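> Chains A and B are the protein sequences, given in the same order.
All residue numbers for the first sequence refer to our numbering, where the first residue is 100 and numbers rise by one.
All residue numbers for the second sequence refer to our numbering, where the first residue is 540 and numbers rise by one.
It is possible that some hints are incorrect.
[As the list claims (entries may be wrong)] BS3-like mimics (lysine-lysine), calculated; alpha carbons at most 27 Å apart, straight line:
| id | chain 1 | residue 1 | chain 2 | residue 2 |
| --- | --- | --- | --- | --- |
| 1 | B | Lys781 | A | Lys117 |
| 2 | B | Lys609 | A | Lys117 |
| 3 | A | Lys148 | A | Lys117 |
| 4 | B | Lys555 | B | Lys744 |
| 5 | B | Lys555 | B | Lys609 |
| 6 | A | Lys108 | A | Lys175 |
Honestly, the hints are just simulated from the structure, not real lab data.
Values in this document were obtained by computation on a predicted structure and should not be read as measured data.
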Amino acid sequence: METLHFHHKVKHRAAGTKAMAIVGVVASGNLEVLVERILPNSDCELDIKTAAEGFGAVWQLVVADFVELRSPGGLKLSINDGGARPDTVAIRLAQAVRLIEDVDP
Amino acid sequence: MSARSPVERGAGQQRKAASWYEASARERVRLLLDVHSFQELLGPEERQISPHLHIFNLPEQFDDGMIVGKGLLVGRKVFIAAQEGRFMGGAFGEVHGAKLTGMLRAVRDAASIPLFILFDTGGVRLQEANAGELAIAEIMRALMEARIAGARVIGLIGGRAGCYGGGGLIAGCCSALVVSEQGRISVSGPEVIETNLGAEEFDSKDRALVWRTMGGKHRRLIGGADMFVDDTIESFRIAAVKLMRSPRAFDADVLKSEQSRLRQRLDQFGSCADARDIWRMEGVEDPNAVPEMAPDAFIALADKIREPCHDAR
């Protein structure tokens, strides 16, 4: 197992009012993303635990793309990864932010 | 919320379109219950993860593959517990099991609120086998205590992992079971039987054999499951509502009549070598047609052959 941590300064706060959302399952080639609205609006953090070791550089690129595209200000994303491919990771990150952008019923 | 509101109508459409088998545990919980009614206990943000998996260098899941909480089903309070079959094969570990035990104790204390267990499990997680085996024993005890207190515990089975090992034992303790064709219920799985007794006894690669021995249709026909349903979340929801509304006793008389049913079953079918022999003896005219039969036709056949029975199996 390898642990990775990323911290980004972002332009905008993520929309919506939900405090928490979760998407995905920890399985081979899949991952779960738990997203919590607990940081200052200018910050985004990712804590990653991955079964596939030695891919830190790829994670860095996928995360940088994600932060640029979504501007997930105020969000902390915690990830348990079962060895997902970068495209699957990108989809799950987008899904997680989409879910937390909902308004609580 | 009115049943005719646009939100409920949209959920109804989703339930009809969604396959139980394909859905994740969270999807099943969300769509089985009334819209926005689910309240999770010990949710993923609490990070109650397995204390064992990191020792084996294996990835953890924030809910340890078990989702527990409460919600509403057609406006009535219910408890719910769901296993994620894709995480570690839905297997029981220490935390996974403890969440279900705790839920069952809450069910016992509330007494009148039913619990639905959405099984999807290969059995005990071998990396934490001792803790997992203990969890199975604790769950069975807690389940019995909940039923003695007057609560109904209803199992819903139709996931990828089926309901095997300790999960099969827990299912056997439930008040009632709903199963789809994809759902399989047994204790020893096909590969386990083959490993111990040889391929001549049970060929785990013979999928037709596996399905007609452990699959939902066979379980329904021999009275192991109370209701057979189509593989949609809507069908499971309709069955859940129906079973929730049929209160039954759990006492010595129920257990005695179950014991005599099982003795009768053994006398009657004990010499059968294949499930098809049992179906023929039960009065199914063409047993070979059963596996291919569409859900509606099969439900009609099963209702004719065997009425849903009392609260034990």
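> Mind checking the alpha carbons of B/Lys609 and A/Lys117 for me, to see if they're no more than 27 Å apart?
The given pair, whose Cα atoms are some 19 Å apart, holds under the 27 Å limit.
> Verify the proposed pairing of A/Lys148 with A/Lys117, using a straight-line Cα cut of 27 Å.
holds, 24 Å
> For B/Lys555 and B/Lys744, compute the direct alpha-carbon distance and say whether it is at most 27 Å.
Judged against 27 Å, a Cα distance of about 32 Å means the pair is violated.
> Starting from B/Lys781, check that the Cα of A/Lys117 is at most 27 Å away, please.
violated, 34 Å
> Are the Cα atoms of A/Lys108 and A/Lys175 separated by 27 Å or less?
Holds, because 12 Å separates the two Cα atoms, which is no more than 27 Å.
> Holds or violated: B/Lys555 and B/Lys609, Cα atoms, limit 27 Å.
holds, 23 Å
Consistency note: the structure conflicts with the earlier hints numbered 1 and 4.
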